[in-house]
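Asker: Fit chain B to the given chain A structure using the hints.
Protein chains: 2
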Amino acid sequence: MTKKKRPLIKAPPDRQEGPLLVPGFSAAGIHGGIKKSRRRDLALIVSDPPARVAGVFTQNHVKAAPVLISRTRVRSGPCKAVLVNSGNANACTGDPGLKDAIGLCQRTARGLAVDEHSVLVASTGHIGERLPVARIRTALPRLLREVRPGGILDAAEAIRTTDRFRKVLWSRSQVGGEPVTLCGIAKGAGMIRPNMATMLAFFLTDLKAPTTTLRRLLQEGTERSFDRISVDGDMSTNDTVLLLANGRSRNRSARVGSAEYEAFASLLFPMMSELAAMIVRDGEGATKAVDIQVRGARSDKDANVLAYHLANSPLVKTSFYGQDPNWGRLMAALGSAGPWVHPQKIDIFYDRVCLVRNGVGLGKKKTAQAGRVLQKQAFTVTIDLHVGTGSARVLTSDLTHDYVTLNASYPS
Amino acid sequence: MTKKKRPLIKAPPDRQEGPLLVPGFSAAGIHGGIKKSRRRDLALIVSDPPARVAGVFTQNHVKAAPVLISRTRVRSGPCKAVLVNSGNANACTGDPGLKDAIGLCQRTARGLAVDEHSVLVASTGHIGERLPVARIRTALPRLLREVRPGGILDAAEAIRTTDRFRKVLWSRSQVGGEPVTLCGIAKGAGMIRPNMATMLAFFLTDLKAPTTTLRRLLQEGTERSFDRISVDGDMSTNDTVLLLANGRSRNRSARVGSAEYEAFASLLFPMMSELAAMIVRDGEGATKAVDIQVRGARSDKDANVLAYHLANSPLVKTSFYGQDPNWGRLMAALGSAGPWVHPQKIDIFYDRVCLVRNGVGLGKKKTAQAGRVLQKQAFTVTIDLHVGTGSARVLTSDLTHDYVTLNASYPS
Chain A
389 MTKKKRPLIK APPDRQEGPL LVPGFSAAGI HGGIKKSRRR DLALIVSDPP
439 ARVAGVFTQN HVKAAPVLIS RTRVRSGPCK AVLVNSGNAN ACTGDPGLKD
489 AIGLCQRTAR GLAVDEHSVL VASTGHIGER LPVARIRTAL PRLLREVRPG
539 GILDAAEAIR TTDRFRKVLW SRSQVGGEPV TLCGIAKGAG MIRPNMATML
589 AFFLTDLKAP TTTLRRLLQE GTERSFDRIS VDGDMSTNDT VLLLANGRSR
639 NRSARVGSAE YEAFASLLFP MMSELAAMIV RDGEGATKAV DIQVRGARSD
689 KDANVLAYHL ANSPLVKTSF YGQDPNWGRL MAALGSAGPW VHPQKIDIFY
739 DRVCLVRNGV GLGKKKTAQA GRVLQKQAFT VTIDLHVGTG SARVLTSDLT
789 HDYVTLNASY PS
Chain B
389 MTKKKRPLIK APPDRQEGPL LVPGFSAAGI HGGIKKSRRR DLALIVSDPP
439 ARVAGVFTQN HVKAAPVLIS RTRVRSGPCK AVLVNSGNAN ACTGDPGLKD
489 AIGLCQRTAR GLAVDEHSVL VASTGHIGER LPVARIRTAL PRLLREVRPG
539 GILDAAEAIR TTDRFRKVLW SRSQVGGEPV TLCGIAKGAG MIRPNMATML
589 AFFLTDLKAP TTTLRRLLQE GTERSFDRIS VDGDMSTNDT VLLLANGRSR
639 NRSARVGSAE YEAFASLLFP MMSELAAMIV RDGEGATKAV DIQVRGARSD
689 KDANVLAYHL ANSPLVKTSF YGQDPNWGRL MAALGSAGPW VHPQKIDIFY
739 DRVCLVRNGV GLGKKKTAQA GRVLQKQAFT VTIDLHVGTG SARVLTSDLT
789 HDYVTLNASY PS
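Taken in sequence, the protein lines are chains A and B.
The first sequence begins at 389 in this note's numbering and counts up by one.
The second sequence begins at 389 in this note's numbering and counts up by one.
Okay, chain A solo, but in the shape it has when bound (with noise of 0.2 Å):
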């Protein structure tokens, strides 16, 4: 059986893209040299004036160098600008990746006149290879000398790898009566060639917000999007996502449970998640998008394990993609994921359709209907434990032989 791609969506329009412009943030994306294709693989994003930053960052215990330093400067200050490269993670590199990136950070620092501590970096690409730092110091000028407020397309689509369309959402809303404007753009994880597979995200704003509120906004939306997608359990060595506010907006600072900390969060949280599902949606080989619920477990932890374990579940997910409705690899994968489950209580769900009631399948009937709901692109998969009132969601994507061939593939 060797099954037609079936890509789940090809490029769909930028969506709410509006004017995509920010008060003060002007970015440029190019080629500099490090993808042997001729693609944008350099982008820069500048603040004016320098932004208030809150970062998040892989806790994977192997950290690229552009994780390590950037890490430390969001915690020391505002950010005047940021650094991004794909096609390289500048991971595993030791002390002389790290040198090459605090050297690239100077540079900019230089051609910008600021402080170099203010420019922070991001890579995604690789591991294990020296960044091409020759090339990118010749490309740094022309870098420097395209940025302008519209420049944010072009850094989109200069931090992609091998996402098949470049992420970028744009919103703007009041805040206690002023406007405000948020961009956001993204790369995919996961389901993606060799060791590709890092998340980027960044968030450009004109709020005006002390760093705290930067810092709790950014955990509290992570936790709700991007730590809520799952598509093959890996954790990559570069992820980052930045939320930057250089406070343009005339709005009255946003402190921590104000009126405009939640206007600001009903701006944010909503296009966080957007972005995540983006991700989810785009992974390579991916044909499926599927909504895991978990409730009625013991705790929200219980929830959450089970959840990730059937999203992470290769059976599982093969049968997502052969759009069978095989609610045994469910009932075992639930079973086998750790937290204590009671067999003969689990009810299942496909989108509305039950086909298994305390632990028992309704037949031939209800399995059919499951097979409908499994033909469409995106559908809900609904576990009710009945031992209580904890939940979670994961949203997953199929292992398809795309995947298999894309990450069989030798590196390029």
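Hints listed in this document are in silico derivations from the structure and should not be mistaken for laboratory results.
A quick note: this is a predicted structure, and the numbers were derived from the prediction, not measured.
By construction, the Cβ of each residue, glycine as well, lies at the ideal position given by its N, Cα and C atoms.
Don't take every hint at face value.
Chain A regions said to be covered by chain B (calculated; three or more residues, Cβ under 8 Å) [said to hold, decoys possible]: (1) 448-459; (2) 479-486; (3) 567-576; (4) 704-710; (5) 743-750.
Simulated pairs of lysine-lysine, BS3-like, Cα-Cα distance not exceeding 27 Å [claimed, not checked]: (6) B/Lys487 x A/Lys487; (7) A/Lys487 x B/Lys423; (8) B/Lys424 x A/Lys752; (9) A/Lys753 x B/Lys754; (10) B/Lys424 x A/Lys754; (11) A/Lys752 x B/Lys764; (12) B/Lys753 x A/Lys423; (13) A/Lys753 x B/Lys753; (14) B/Lys423 x A/Lys423; (15) B/Lys487 x A/Lys754; (16) A/Lys424 x B/Lys752; (17) B/Lys754 x A/Lys752; (18) A/Lys487 x B/Lys689; (19) B/Lys753 x A/Lys424; (20) B/Lys754 x A/Lys424; (21) B/Lys487 x A/Lys733.
Negatives, chain A to chain B, calculated, CB over 12 Å [unchecked claim]: (22) Arg498; (23) Gly499; (24) Gly538; (25) Ser559; (26) Thr586; (27) Lys689; (28) Asn692; (29) Asn714; (30) Arg717; (31) Phe737; (32) Asp739; (33) Gly776.
Answerer: Relative to the frame of chain A, chain B by itself:
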């Protein structure tokens, strides 16, 4: 890219088959109407006199009816017979499923004129469907008539689901100066067709030993063998390993720690390891058998978690399939497994080729050498963490197009 099917092993001869007789044991394997094909799907193993028995069963919270029955019965007394079927797991079938299995044990016991509690039962196959009890009842008299000392090969045939070859090993040795015979049969787990990812193994011997010895031997043996293989990280609802000893040999009873115990262990443990390795090599779709060795961890437990994380990582497993010495994926997987690791101390070897030292790659020449190791059908990946003395070892296979094909296909 569509790789050609490269089965790892076709059908090796039944090695060390010998006469395949174990004093006091007889068996049969027939088509009992469970599988739609006309293949054998019903097996019976009989011991005369009844055997002492020890069992190890799945840790899955969702346990099939035969597991619930047999794990109670192994505690209560001697075992006269084991009834096994393939094609249907009798799992998630509720109380009716329990009654089905108990009824079949009763009929078998009546046919053998023994107590029904001395009949154990095991099943493997599709989850969530009732056994075709009427057809099995009709087949039972024929099964009983076919039982003969040389019938173990037929039984090994009848417990297969999608195994490419039957798995039988036979061995004889001296225990305390007396000849003792051991025969083991198994069917594969994981990386196999939907809902049939069960591992079953039965070890038959004429050893004289108390039940405590058998329990200890089985526990220790499975920890070294069946617990050390991983194919896709999912645990079946039906896994069952039994050790039956009927005491026909004239050896002095093998108490724990005695010379007899050691002599028999040196017969049993290698056989268990070899059967476990056969299961990995026969994993459907598998083209590689990879021995993952982690050493220098803070503890054996840490090493175990890390080894299993590598063995179950889709990105790592597809790199084996693609013959791609993609050590960045190993580093990323080691860093995200949970246990603390020191990235700058990690060494990685493919067989004897060291391509990562202190967390940094040793260059293209070493990578090319490692690439040649990956072309082999079997090789070792060694991780030295240099932070302690803990070690662990897991045997795994690769993640291939055929795995997706087999597991995405509709249930039969």
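Asker: Which of the listed hints are broken here?
Answerer: 3, 6, 7, 9, 11, 13, 14, 17, 18, 26, 29 and 30
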